[in-house]
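Enquirer: Keeping their order, the protein sequence lines are chains A and B. Going by our numbering, the residue at position 15 of the first sequence is 15; the numbering climbs one at a time, nothing skipped. If you count the second sequence from 1, you need to add 1000 to reach our numbering.
No wet-lab data here; the hints were simulated from the structure. Every residue gets a Cβ at the ideal spot worked out from N, C-alpha and C, and that includes glycine. Fair warning: there could be bad hints in the mix.
Here are the simulated distance ranges between beta carbons [to be verified]:
1) ASP1208(B) with THR74(A): 45 to 53 Å
2) ILE1235(B) with ALA143(A): 41 to 49 Å
3) TYR1121(B) with LEU131(A): 29 to 37 Å
4) ALA143(A) with ASP1238(B): 50 to 58 Å
5) LEU131(A) with ALA1192(B): 33 to 41 Å
6) THR1172(B) with SER132(A): 33 to 41 Å
7) LEU1200(B) with ALA143(A): 52 to 60 Å
8) GLY1232(B) with LEU131(A): 24 to 32 Å
Here are the simulated EDC-like pairs of lysine to aspartate or glutamate, each with C-alpha atoms no more than 20 Å apart in a straight line [to be verified]:
9) LYS1260(B) with GLU1243(B)
10) LYS1129(B) with GLU20(A)
11) LYS1260(B) with ASP1238(B)
12) LYS1129(B) with ASP61(A)
13) LYS1129(B) with GLU44(A)
14) LYS1260(B) with ASP1210(B)
15) LYS1129(B) with ASP57(A)
16) LYS1260(B) with GLU1242(B)
17) LYS1260(B) with ASP1208(B)
18) LYS1260(B) with GLU1182(B)
19) LYS1260(B) with ASP1278(B)
20) LYS1260(B) with ASP1226(B)
To give an idea of the chain A side of the interface with chain B (calculated C-beta under 10 Å), a few residues [as the list claims (entries may be wrong)]:
21) ARG42
22) GLU44
23) VAL46
24) SER49
25) GLY50
26) ASP51
27) THR53
28) LEU56
29) GLU106
30) SER113
31) LEU114
32) GLY115
33) ARG119
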Amino acid sequence: MPEPAAPDAAVPLVVGIGNEHRRDDGCGLAVARALRSRLGSRAEVVELSGDPTALLDLWADRDLAVAVDATRSTGPPGGIVRAGPSEIAALPPATTDSTHGISLVEIARLGESLGRMPRHLVVYGIEADDLSRGIGFTAAVAAAVPVVVQRIEREIAEWERTAGGRGNADA
Amino acid sequence: MTDRTIAVDYLARVEGEGALIVRIHNATVEHVELRIFEPPRFFEAFLRGRSYREAPDITARICGICPVAYQMSACHAMERALGVSVGGPLRDLRRLLYCGEWIESHALHIYLLHAPDFLGYPDAIRMAKDHRELVQQGLRLKKIGNALMQLLGGREIHPINVRVGGFYRCPTRAELDGFRPELESAFTLAEATARFAAGLDFPDVEEDYDFVALRHASEYPMNEGDVVSSRGLQIAVDDFEEEFREIQVPHSNALQSVRKDGNPYLVGPLARYALNYDRLRPRAASLARETGLGHVVRNPYQSIIVRAIETAQACEEGLAIIDRYVLPDSPSVPLPSVASPVSGAAITEAPRGMLYHRYRLASGGTIEDARIVAPTSQNQKRIEEDLRHLVERSIDLADAPLTDACERAIRNHDPCISCATHFLRLELARD
């Protein structure tokens, strides 16, 4: 396995996370696919369905990383959540006993411990409704996908405008 | 008269949902119960009526950590039913894929799940603050295992390149040669892992395990072999159900496996190592000697060292396979049509121990009956014995440290509850 060339830290990273065979859990992947064609070389867009610890290698030392995943909280299905660095740090630990799946929040904490974080991390969540086996989103989640695509595209454009990304993505 | 009750809702750093109940009355352990309340997943039932060709991909979904084990046991069982043999480079590639899973799974358990117990942290995230390089080392090792699974299986979780009869695509010689430096680096990391593990402090405990594992004529077991035990059993895989039976216990949604005399037994790294020490490759054997391990390890806490030795073994084995690889003419062997009902069984060595699959196929090749016995359901009753002995030894401990000790004793065996139900909440009760 040849080690991939070190990514350019200044190129923003967009990571869509999920499992497209668990219905709404695939929404992060759908966002990533849409952004890949819209952003071209302006960002590195990655779809992640496997080992979440891979995030540490993907985002370490990047100026900006944006992660998109399905969420389950108290919000309505299709609801959009955006968390910047300060909000991510304040999130409670995920309530999981799983050793197979480490949550995005836990990966961020592990990254902090290991010093393997991007300079700015932004997380978008789309509140999922149906996580059963199968393909296709519920209507509310399907409607949220293009909205998140637009918001991330705007976020990256804003990042580019503010002195090549020396601005504050958490603004 | 002393009655005490201790309850812990969820056991951390094991996979799946379960609980432990220990009842102590007058300083005597009266009852130990490893409860498995994760809902049963009925995999055996929904395999019925499906084509035999679907079994590797369906059963792989039972576990995200050891999908290769499910794929391998399913493929071998089907091939035995069909009277097909897969040899040469295809057999080697299966073994190489399995090496990737052993490296990934063992690295995960050693560094992220087990090491915090020895170094005094509640989890790997907090351990990483003080032991950054150690955790990085574990993640590097895990990553190489994942990459090997991706190279051969198409992706690291639920590989998609495995089929009954072989693979859909075989890697080129250049692709495997390109991976060689990574695997050599993984061996160096495995050596460092074994040295780290050997330097830990271990409770002075020995359990009288009835070890059960595969044993092959010349190889450290993975895909093939007879079933042997430390108490003299040696049987063919086809006779597994004659010697081992599954029992239903009220507190578990997973069946428990026992020997036919009702006694518990242990599968997994300690069993494989004790029964196959002489099958370790030279560098892995040398590493085992350097760490001071004997040929048989009965201290369950030292399983962390054994896993490290097995990781080195998997790396060394993988390197040997790469060195002799020749691209096969075809990625799979032809499969005959199923003209009349047939059945077949196979056992392979998942990272956590023996995984048994048996299938009966109707003419035409649909699955009529399936039976899957996962490593954790085989170890469940033996883990209860470890816990009983631990609580008896530690009866004077206060509730909190006793509970912590119980959780730690369970983690020694790296149980996968999800696999067992196709299993851990912890509750300690003293009345």
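Enquirer: That 29 to 37 Å hint for TYR1121(B) and LEU131(A) (C-beta), does it hold up?
Expert: Because 31 Å falls inside the window, the suggested range holds.
Enquirer: Identify whether the interface hint at LEU114(A) stands, where standing means a beta carbon of chain B within less than 10 Å of its own.
Expert: Since the shortest Cβ distance to chain B is 5 Å, the answer is holds.
Enquirer: Check the hint pairing LYS1129(B) with GLU44(A) against an upper bound of 20 Å on the C-alpha distance.
Expert: Violated. LYS1129(B) to GLU44(A) sits at ~29 Å, over the 20 Å cutoff.
Enquirer: Should the hint that ARG42(A) touches chain B count as held when the rule is a Cβ pair under 10 Å?
Expert: violated, 27 Å
Enquirer: Does GLU44(A) hold up as a contact with chain B if the rule is Cβ-Cβ below 10 Å?
Expert: Violated - the Cβ of GLU44(A) stays beyond 10 Å from chain B, reaching only about 19 Å at its closest.
Enquirer: Cβ-Cβ distance between THR1172(B) and SER132(A): within 33 to 41 Å?
Expert: holds, 39 Å
Enquirer: Tell me if the straight-line CA distance from LYS1260(B) to ASP1278(B) falls inside 20 Å.
Expert: violated, 28 Å
Enquirer: May I ask you to test the interface hint for THR53(A) with respect to chain B, counting a Cβ-Cβ separation under 10 Å as satisfied?
Expert: holds, 6 Å
Enquirer: Indicate whether the distance between the beta carbons of ASP1208(B) and THR74(A) respects the range 45 to 53 Å.
Expert: For ASP1208(B) and THR74(A) the Cβ distance comes to about 51 Å; the hint holds.
Enquirer: Quick one, is the ARG119(A) hint okay against chain B at 10 Å, beta carbons?
Expert: With a minimum Cβ separation of about 19 Å from chain B (threshold 10 Å), the hint on ARG119(A) is violated.
Enquirer: Is LYS1129(B) within 20 Å of ASP61(A), Cα to Cα?
Expert: Distance of about 18 Å is within 20 Å: holds.
Enquirer: Can you let me know if the beta-carbon spacing of GLY1232(B) and LEU131(A) is within 24 to 32 Å?
Expert: With a Cβ separation near 49 Å, GLY1232(B) and LEU131(A) fall outside 24 to 32 Å, so the hint is violated.
Of the numbered hints given earlier, the model fails hints 2, 8, 10, 13, 18, 19, 21, 22, 23, 33; all others are met.
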